[in-house]
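**Q** In case you want the letters, here they are:
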Amino acid sequence: MLAQKKPSPFLLGYRLYVVAFFIFLAAPLISAGAFAFNDSLFPALPWQGFTLDWFFSDTEPKLGMFHDRRLLQGLYYSFVIAIFVAALSVFVGTTNAFLFVRGEFPGKNFFYIMMVVPLVIPGVILGISILVLASDTANYVENRFDLELEFLRPGILLVVLGQFSFIATITSLVITARLKKFDETMEEAAFNLGASRARVLRTITLPFLRPAMIAAGIVAFLVSFENFNTTLFLVGSEAPLTITMYDRMAKVGSTPVLNAVSFVLMVGSGLLALLSILIQRDRSAQ
Amino acid sequence: MQNRDIKRLMLILLFAPFALWIVLLIILPHIGMVVLSLKEKVAPRVYEYSFANYLEFINEPIYWNTLLRTGSMSLLVTALALLIGFPIAYYIAKIAGPRARGGLFLLCLIPLWVSDLIRSFGWILLLRETGVISNFLLWTGLIGQPVEFLYNDAAVIVGLVYTVILFMIVPLVSTLDGMDNSMIEAGYNLGGSGFTVLRRIIVPYAMPGIVAGCIVTFMLTAGSYLTPILLGGKNSSWFTEQIYNQFITRFNWEGGAAFGMLLLLFTSIVIWLGLKLSGQTLANTVAKS
Numbered sequence: 203m204l205a206q207k208k209p210s211p212f213l214l215g216y217r218l219y220v221v222a223f224f225i226f227l228a229a230p231l232i233s234a235g236a237f238a239f240n241d242s243l244f245p246a247l248p249w250q251g252f253t254l255d256w257f258f259s260d261t262e263p264k265l266g267m268f269h270d271r272r273l274l275q276g277l278y279y280s281f282v283i284a285i286f287v288a289a290l291s292v293f294v295g296t297t298n299a300f301l302f303v304r305g306e307f308p309g310k311n312f313f314y315i316m317m318v319v320p321l322v323i324p325g326v327i328l329g330i331s332i333l334v335l336a337s338d339t340a341n342y343v344e345n346r347f348d349l350e351l352e353f354l355r356p357g358i359l360l361v362v363l364g365q366f367s368f369i370a371t372i373t374s375l376v377i378t379a380r381l382k383k384f385d386e387t388m389e390e391a392a393f394n395l396g397a398s399r400a401r402v403l404r405t406i407t408l409p410f411l412r413p414a415m416i417a418a419g420i421v422a423f424l425v426s427f428e429n430f431n432t433t434l435f436l437v438g439s440e441a442p443l444t445i446t447m448y449d450r451m452a453k454v455g456s457t458p459v460l461n462a463v464s465f466v467l468m469v470g471s472g473l474l475a476l477l478s479i480l481i482q483r484d485r486s487a488q
Numbered sequence: 155m156q157n158r159d160i161k162r163l164m165l166i167l168l169f170a171p172f173a174l175w176i177v178l179l180i181i182l183p184h185i186g187m188v189v190l191s192l193k194e195k196v197a198p199r200v201y202e203y204s205f206a207n208y209l210e211f212i213n214e215p216i217y218w219n220t221l222l223r224t225g226s227m228s229l230l231v232t233a234l235a236l237l238i239g240f241p242i243a244y245y246i247a248k249i250a251g252p253r254a255r256g257g258l259f260l261l262c263l264i265p266l267w268v269s270d271l272i273r274s275f276g277w278i279l280l281l282r283e284t285g286v287i288s289n290f291l292l293w294t295g296l297i298g299q300p301v302e303f304l305y306n307d308a309a310v311i312v313g314l315v316y317t318v319i320l321f322m323i324v325p326l327v328s329t330l331d332g333m334d335n336s337m338i339e340a341g342y343n344l345g346g347s348g349f350t351v352l353r354r355i356i357v358p359y360a361m362p363g364i365v366a367g368c369i370v371t372f373m374l375t376a377g378s379y380l381t382p383i384l385l386g387g388k389n390s391s392w393f394t395e396q397i398y399n400q401f402i403t404r405f406n407w408e409g410g411a412a413f414g415m416l417l418l419l420f421t422s423i424v425i426w427l428g429l430k431l432s433g434q435t436l437a438n439t440v441a442k443s
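Taken in sequence, the protein lines are chains A and B. The opening residue of the first sequence carries number 203 in the working numbering; numbering runs sequentially from there. The opening residue of the second sequence carries number 155 in the working numbering; numbering runs sequentially from there.
The reader is advised that the hints may include incorrect statements.
Unchecked claim - Think about it this way: if two alpha-carbon atoms lie no more than 30 Å apart in a straight line, the pair counts; the simulated BS3-like pairs of lysine-lysine are: (1) B:K248 - A:K310; (2) A:K310 - B:K161; (3) A:K264 - A:K453; (4) A:K383 - A:K310; (5) A:K383 - B:K248; (6) B:K388 - A:K453.
I should point out that these hints are in silico values taken from the structure, not numbers from a laboratory. Owing to the predicted nature of the structure, the values given are computational and were not obtained by experimental measurement.
So that you can see chain A by itself, here it is in the shape it has in the complex (with noise of 0.2 Å):
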């Protein structure tokens, strides 16, 4: 049933389910895409002729996606928080990196398994979690010394905790994974022609890393991007684009601008993805 045979009946009827599934997959990310260039003020059929208008139009009612200044601080808030999101996770990753495959202490396998719990607690149940504590810190310091600590209530220090919460558990394990197959035998030759230890990391060890840390700044920046379970609860007045576009949709209903941002985010996160998995391709062939 299974094995590479000659193409049968079978095999036939596997290869249209195969189709079918890919057709399934497109369909919506098309759908979600083709809209943003028909000529209408409605995502729907009928087709009424190309237009670019839902990008660069800059006039209601078809004001375009470049033209509409909250979507346009959605987008920039985005990408503040995954910024910080990629850049906080990779450094914690590669430290758990090190922690976990050199470091030797005990109760080490529970600590790993502690790394890897974050990834199994829904997003939401993150979010209110941390919103309950930072409220309450904030409300206790309130109330004991007349402080208000502003950083402590929704904004986006909290979203980018929110969202590094879990997502330094996905960088933590690409970068492991990567570590796991350095040869140490590198870094003790190096040590043997007398390098400091400080030089054998700066020119060995994260060299071999980097491949891995972009791939998985880039993937903390995608799913940070994209996140909303776990915003929903922290964000303040600074939403971020998921969040800004979720509100329209809810109280406007859909237009084709939000077609215009689909298509945009889908092309955007495609390249990324994609140069993540270039990047470290390239260099586990070597």
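Let chain A serve as the given structure and place chain B on it in line with the hints.
**A** Here is chain B on its own, set in the frame of chain A:
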């Protein structure tokens, strides 16, 4: 001796970020949530410790019905994702030629990075009354007037399977990739039928991938917020929606924290059971995907 001190210092320095992350962002917040969930408002600004929030959950059938509904539908979605996804993963890992393999895997990965919001949005455009499928069926003459496919359980399930299936396929592909083809051939040579080979060789080998995929898809489904609301309409009755209502709409943080604990407890028990029944551990399944 000095060397040992340096090693120890390095270990502490490496441990610090890990400990800060886990303690400040995972452990303390969850303890805070448990404490909050056990508080009951007895008068303005006066709280007492009690199980009132949990009792409210038990006494109000809408609440536990929603949790049970969320749980059973999540299990169904997980099973469907496995059934639909396994043949695809097998095709990519074992049947496709080397070049097609990379391409197909990439095709699987790209939608993974598109947000839930856009994926659900795409399904809305396909399924709604004025949407693509309804129009297509009208055009072929199969239906006489526009049909609304949205706002029912089937739409929610389709949307959820779509959202999570890639998290099933990716770990399955990487597990099956590591399997030696000669194991399958040996199964056939020993006279096994296709089904026997699948059941006795392929599935046991793929078990870590299957369990990893199931855990992640179940957790993502039970914790999802957007897809059930957007595709199921205002009455999608998903448990995360109840949590949101308690927190944001009713500003009842104590109740919301209790609901959050219940959801966490529920998903943890299911995941724990899944690991026990399949004899896997978190470290050799999820940590590998």
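**Q** Give me the numbers of the hints this structure contradicts, sorted from smallest to largest.
**A** 1
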